[in-house]
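With the hints as extra help, turn the sequences into a complete structure.
There are 2 protein chains.
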Amino acid sequence: MNIQGRHFTAIWYDPKTDGVRYIDQTKLPWELVIREMTTFADGIRAIRDMEVRGAPLIGVTAALAMYIGVKEGEQSPAEMAVLLNATRPTAVNLAYATDQMLRICGTEKLSAGLASRFLQRALELREEEITRCRMIGEQGLSLISEIAERKGGEPVNILTHCNAGWLATVDYGTALAPVYLAHDSGIPVHVWVDETRPRNQGAKLTTYELTQHGVPNTLIVDNAGGLLMQQGKVDLVLVGADRITANGDVVNKVGTYLKALAASDNQVPFYVAAPPSTFDQQTATGRDVPIEERSKNEVLFTDDHGSSIAPEGTPVHNPGFDITPARLVTGYLDGTILA
Amino acid sequence: MNIQGRHFTAIWYDPKTDGVRYIDQTKLPWELVIREMTTFADGIRAIRDMEVRGAPLIGVTAALAMYIGVKEGEQSPAEMAVLLNATRPTAVNLAYATDQMLRICGTEKLSAGLASRFLQRALELREEEITRCRMIGEQGLSLISEIAERKGGEPVNILTHCNAGWLATVDYGTALAPVYLAHDSGIPVHVWVDETRPRNQGAKLTTYELTQHGVPNTLIVDNAGGLLMQQGKVDLVLVGADRITANGDVVNKVGTYLKALAASDNQVPFYVAAPPSTFDQQTATGRDVPIEERSKNEVLFTDDHGSSIAPEGTPVHNPGFDITPARLVTGYLDGTILA
Chain S
11 MNIQGRHFTA
21 IWYDPKTDGV
31 RYIDQTKLPW
41 ELVIREMTTF
51 ADGIRAIRDM
61 EVRGAPLIGV
71 TAALAMYIGV
81 KEGEQSPAEM
91 AVLLNATRPT
101 AVNLAYATDQ
111 MLRICGTEKL
121 SAGLASRFLQ
131 RALELREEEI
141 TRCRMIGEQG
151 LSLISEIAER
161 KGGEPVNILT
171 HCNAGWLATV
181 DYGTALAPVY
191 LAHDSGIPVH
201 VWVDETRPRN
211 QGAKLTTYEL
221 TQHGVPNTLI
231 VDNAGGLLMQ
241 QGKVDLVLVG
251 ADRITANGDV
261 VNKVGTYLKA
271 LAASDNQVPF
281 YVAAPPSTFD
291 QQTATGRDVP
301 IEERSKNEVL
311 FTDDHGSSIA
321 PEGTPVHNPG
331 FDITPARLVT
341 GYLDGTILA
Chain Z
11 MNIQGRHFTA
21 IWYDPKTDGV
31 RYIDQTKLPW
41 ELVIREMTTF
51 ADGIRAIRDM
61 EVRGAPLIGV
71 TAALAMYIGV
81 KEGEQSPAEM
91 AVLLNATRPT
101 AVNLAYATDQ
111 MLRICGTEKL
121 SAGLASRFLQ
131 RALELREEEI
141 TRCRMIGEQG
151 LSLISEIAER
161 KGGEPVNILT
171 HCNAGWLATV
181 DYGTALAPVY
191 LAHDSGIPVH
201 VWVDETRPRN
211 QGAKLTTYEL
221 TQHGVPNTLI
231 VDNAGGLLMQ
241 QGKVDLVLVG
251 ADRITANGDV
261 VNKVGTYLKA
271 LAASDNQVPF
281 YVAAPPSTFD
291 QQTATGRDVP
301 IEERSKNEVL
311 FTDDHGSSIA
321 PEGTPVHNPG
331 FDITPARLVT
341 GYLDGTILA
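Protein sequences appear in the order of chains S and Z. Our numbering applies: residue 11 is where the first sequence begins, and numbers increase by one. Our numbering applies: residue 11 is where the second sequence begins, and numbers increase by one.
Please note that a few of the clues may not be correct.
Where chains are identical, the list cannot tell them apart; a pair therefore holds if satisfied intra-copy or between any two copies.
What the hints assert, rightly or not - Here are the simulated DSSO-like pairs of lysine-lysine, each with C-alpha atoms no more than 27 Å apart in a straight line:
no., residue 1, residue 2
1, 37, 243
2, 306, 37
3, 26, 81
4, 81, 243
5, 37, 26
6, 243, 306
It should be emphasised that the hints constitute simulated quantities derived from the structure, not laboratory data.
Rendered as structure tokens:
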């Protein structure tokens, strides 16, 4: 998708330097900073510090980090996979990607030939995510088209939580892929963007990428979405996922469950968009997924310059995800079967 | 309730100076600033700029402002009531208080005698709110005691949204009155405090007043409460109200509805605490209540020093309240009938 009219993806391989480049998302929306991953440790840090984030994107980043790591030759692929999987416990895409990479090496020793096969597989995984996101977009486009027809030309109002756009994947996005395809095909869409406390991925990233691509959007606090649904101002909820368990439960950014409840209570369709790498058939239900507990400073400080939002010493609990039970999900957009 | 071991109320009359003093809540939790309301315009400003906030407190503030206004003698009580009612459209307590004041003057001209009767009535309304909050506390105490008994000495976990404590009333609070009475009587309680975006009344005021009074509490983002209920970490939800309509719908700080949905979905009792001045028998349902739209800067800037949380020019929608349908309310604590 576009930034200032120029096409970007969230991460890419540069054959000229044999290096991996990515957008540092902690600097957005204020600065567009492109970083180079030159060591395996860079890759670990990029994921852990959330310079790259979004379930599909951290999977692709992990795969590319393993290529860099194989070139370095300091650790075995199996050791790298363990380190990568430990950076973010909730999203299953990390484990999916490291597993895919491990499958191509068996017990083979590090070598130039192995590095080349690692690069090829990592780039395939990246392409697969892009293709899958585009297919998710087409699935969702048919949903949006139907609503647009029913509304006779009025904009279709879509609510989204967190950032499940192209910055969270590689291109297109999951939840936002249908939005981009609808917009590009001339269907009037408008997105209500949950700010998504505590890290404000909605306020910082979703507004940014939508506006840069020309899609009308309005920022709201996370508390407001229920009222908007009560007032009939939301036609469709589209969110991404960090993990979808065997029974269809959706583990996604904390607060998603509250929007699913409101959607159900107001008969607003609630769709979850995610590529196959997000589906975890090995885990029975959402309750079996570890929920990442994050730093209290994410809650207390909203930027590097501001003061704490609460009195000094206030205890904070900061879980990163919640569980949307399958019964609240109208449908899944996985880029395979049409919705 | 206490600040640094000393008893405070949110607003009081000082007979020595014949003046009205109140805590400027926009300065909390960083500074305890006591202001004097010396003109009617001061009273209007205090309510509009949310130096005083909370439905019961703005009612009492309006009554005292009318006393100050009658002393000034520049506007009729009816004119003052119109100006006061327009400052905050959603809470009904304002209209209740100005109506109570107007009833005692009829068409009488401004005079010293009238001023004295205005003072007396305003102080009565203040005392009524305190008494009623204490009774709400006793109603809720029996609820908390029952849960405490069932938990055999484990702390009772109470989730609250926004600030419905003594800072929102005059003393005790509405939702927090039962918490204070339970704590003071030795029942172990712990409060999950929703930060309550965009103005963060939970993070700034609820954590402050609970901690100052010695009640254990933990700050969470508004998104987290659903997960906590899914995990069985919430025994009871207690919130206040800005208006309760004839059918029992509760208009309260935006986001309340989402917590009511989660409580209902997880069989957590959801109680609304409010004095009679908050009950509006003249309005049929929550959908008939005007929802205040507030400044976009409340969303974009979290303090005076920080930068905007979103790209420049991002459109913002900032409704202040939402509607919790009566069907989601387990019970009302109004300080009359025992729960």
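For each hint, the structure was consulted:
| no. | hint | result |
| --- | --- | --- |
| 1 | 37 <-> 243 | neither (32 Å within a copy, 35 Å between copies) |
| 2 | 306 <-> 37 | both (20 Å within a copy, 23 Å between copies) |
| 3 | 26 <-> 81 | within (16 Å within a copy, 81 Å between copies) |
| 4 | 81 <-> 243 | neither (52 Å within a copy, 47 Å between copies) |
| 5 | 37 <-> 26 | within (25 Å within a copy, 56 Å between copies) |
| 6 | 243 <-> 306 | between (34 Å within a copy, 18 Å between copies) |
Checked against the numbered hints listed earlier, the structure breaks hints 1, 4; every other hint is satisfied.
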